[in-house]
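With chain P's structure known, arrange chain W on it following the hints.
Protein chains: 2
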Amino acid sequence: MLAGPVKVDPRVLQAMTRSVINHRGAEFRKVNADVREGLRYVFQTGGEVAAISGSGTAGLEAVTSSLLRQGDRVLTLVNGKFSERAYDLAKLFAEPTQLEFPWGKPMDVAKVAAALEAGDYRALAVCHNETSTGVTNPLKEIAALCRKHDVLCLADGITSVGGIECRPDEWGVDALVLGSQKCIAAPAGLAGVMVSRRAYEQLHKESAYYLDLKAHIDALRDDEDTPYTPSIPLFLAVREALRLLREEGLENRIARTTKLAGACRAAAKSLGLRLYPDESVASNTVSAVSYPPGIDDSTFRKKLLAEHGVVIAGGQAQLKGKIFRIGHMGICSMDDMRATWAAIETVLADLGHAAPRGAAVEAVEAHA
Amino acid sequence: MLAGPVKVDPRVLQAMTRSVINHRGAEFRKVNADVREGLRYVFQTGGEVAAISGSGTAGLEAVTSSLLRQGDRVLTLVNGKFSERAYDLAKLFAEPTQLEFPWGKPMDVAKVAAALEAGDYRALAVCHNETSTGVTNPLKEIAALCRKHDVLCLADGITSVGGIECRPDEWGVDALVLGSQKCIAAPAGLAGVMVSRRAYEQLHKESAYYLDLKAHIDALRDDEDTPYTPSIPLFLAVREALRLLREEGLENRIARTTKLAGACRAAAKSLGLRLYPDESVASNTVSAVSYPPGIDDSTFRKKLLAEHGVVIAGGQAQLKGKIFRIGHMGICSMDDMRATWAAIETVLADLGHAAPRGAAVEAVEAHA
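Chains P and W, in that order, are what the protein sequence lines are.
All letters in the first sequence, in the order written, are residues 1 to 368 by this note's numbering.
All letters in the second sequence, in the order written, are residues 1 to 368 by this note's numbering.
Treat the hints with caution; some may be incorrect.
[Unchecked claim] Listing some non-contacts, in silico: residues in chain W with all C-beta distances to chain P over 12 Å:
#	residue
1	Asp34
2	Lys140
3	Lys148
4	Arg256
5	Glu279
[Stated by the list, open to error] Derived list of chain W stretches under chain P, where covered just means 3 residues or more per stretch with a C-beta under 8 Å from a C-beta of chain P:
#	region
6	20-32
7	43-55
8	87-94
9	183-191
10	232-238
What the hints contain is simulated information worked out from the structure, not anything from laboratory work.
Idealized CB from N, CA, C, for every residue including glycine.
Next up, chain P with everything else stripped away, as it sits in the complex:
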């Protein structure tokens, strides 16, 4: 129940055991074509897409290094660990200005508007869903501001695309990145990237080689190919995971994810626990819950694993020891959620947290 890597369907795991396949042959061209179509579906885009053998960070770097240049001014919106990463990346390839918001709180869109008004930016970078804090940022509103100011809108959709509504074409998002081990429920190792037409036309090859985004897009679209040797098992797995997603339907997947998030929050509250973020911005793919006083993060999570076989995430950076995080994206089921909270309430009780027994499981069941 991590915020990625998430549970993977056996069909997806088995897809990787296909014996050696020539990645420059007809069979793999079909794999590439299927991956491309699947990515266009999950990104809900008629724009350009790429599949890059690497982590989500590799996808973000492909966007940053292929779109921006030294001297380009970028406004990076920061309210968590992963939006900080966008800033670090932008520092390497351009000239970022950080606009910070408190972790766990809603982003103030008016402040973003004022910053765009005041500065002469070429691009803005925003993390749609902050995995470190369990906050969903207002991408739609921010993209609209970008359009108004003719600024490229670069978004990290690593834990949103496929789990939270995201309409880059409609909203005017210029670049969007997903990670294979998140909402599409494939193993870790592949980044999906989408770019708008206007962003595509601005791609350059001056700063990137392996992560040259234009090379990846063009090879996939024109030749059903990849510029460098692909991670063959990941392409096979992602194709199968995207087939599963299509079978369920993106809207159904998002609705189911939303329902799981509701169950998760209700379970936390039933035990007297507080969500870390303001509930108005609480993410539907990952829930961050503050520890009650007296519960030690490491003891708690070790017992969950050792005694119940449940793996959840702790806090990162400044939130280490202060929160725990439950991922509920991809093919996570209500049964998984029930088992997770049954374990959590048992362990919390063992560690002395006073709460009505059975309340969390009951809360989950009320949402099932």
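Chain W only, in chain P's frame:
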């Protein structure tokens, strides 16, 4: 029978089907530690190693971008498609000078010596085994020249490490890269990198993020971790493939690869075919064979696949249509070699190439 991806043992494929694993947990730390030890074994090094989720090219870029800077002079030795790639990479991050040699011919070490004498280079880039031409370049002699001139020796070992003798510590090679889908016989998607102590001390973080080599080395060594989300299935597969290699023993693997190469060359000659490279520099991991007059590359390879289920590679770039290439690295067996040449001689005969029937299989058997 491609020059990679190569045949993968079912044990290695099955290793990838391990269900979700937390890449920041104890179980995956052990995977990382095992991969590190396995890489140190196959690289025969006491130096630093990294495992990067990406292709061999990603490994080469990690070396180039983390060691060199704009303005650094690099001598790149070019005698094939993959050594050209080293030049392209160096252009992006430094100031390369190309020293060209004819494709398929031995490199003139005296010319390398003269170039190093004449120029003030910080580094030299060389491809140990040119997969595009089936030529093994004299890395040992070139590394010795680099030591003499105090120049960093950066080597592409993508189709040599694990199949052709390569002793970076002893020879004084400063950086060496392998690809998972080559001699270690894992699926495509992971690059192994080795750097010498002196190279390690010169690593910087100014040009790379995802491919920041120091970050990869340090995380793996100090924390049994990776700086970014690893391609989990590839780490599992590579661990298993390196275990298999260790069970066979590196020297035995290299000796077996050498024997397969001998069988392959003998089979080609028995049908009156010419090796593309000078035999003195013919590679032990990939054989490039010139087409006899009148044999069409595409027809030939299509028939091999359709009628015999045998996949071999064609020529690349200027060699397209002129040669075919057979990979014989990793866990390729003498049975595979026999079946391959049985198919080749049948198809060549069908296409009108006059040669004694059965000669190729007999030639392979003489080496078995």
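Quiz item: Going through the earlier hints one by one, which of them does the structure break, listed in rising order?
Solution: Going through the list in order, the structure violates no hint and respects every one.
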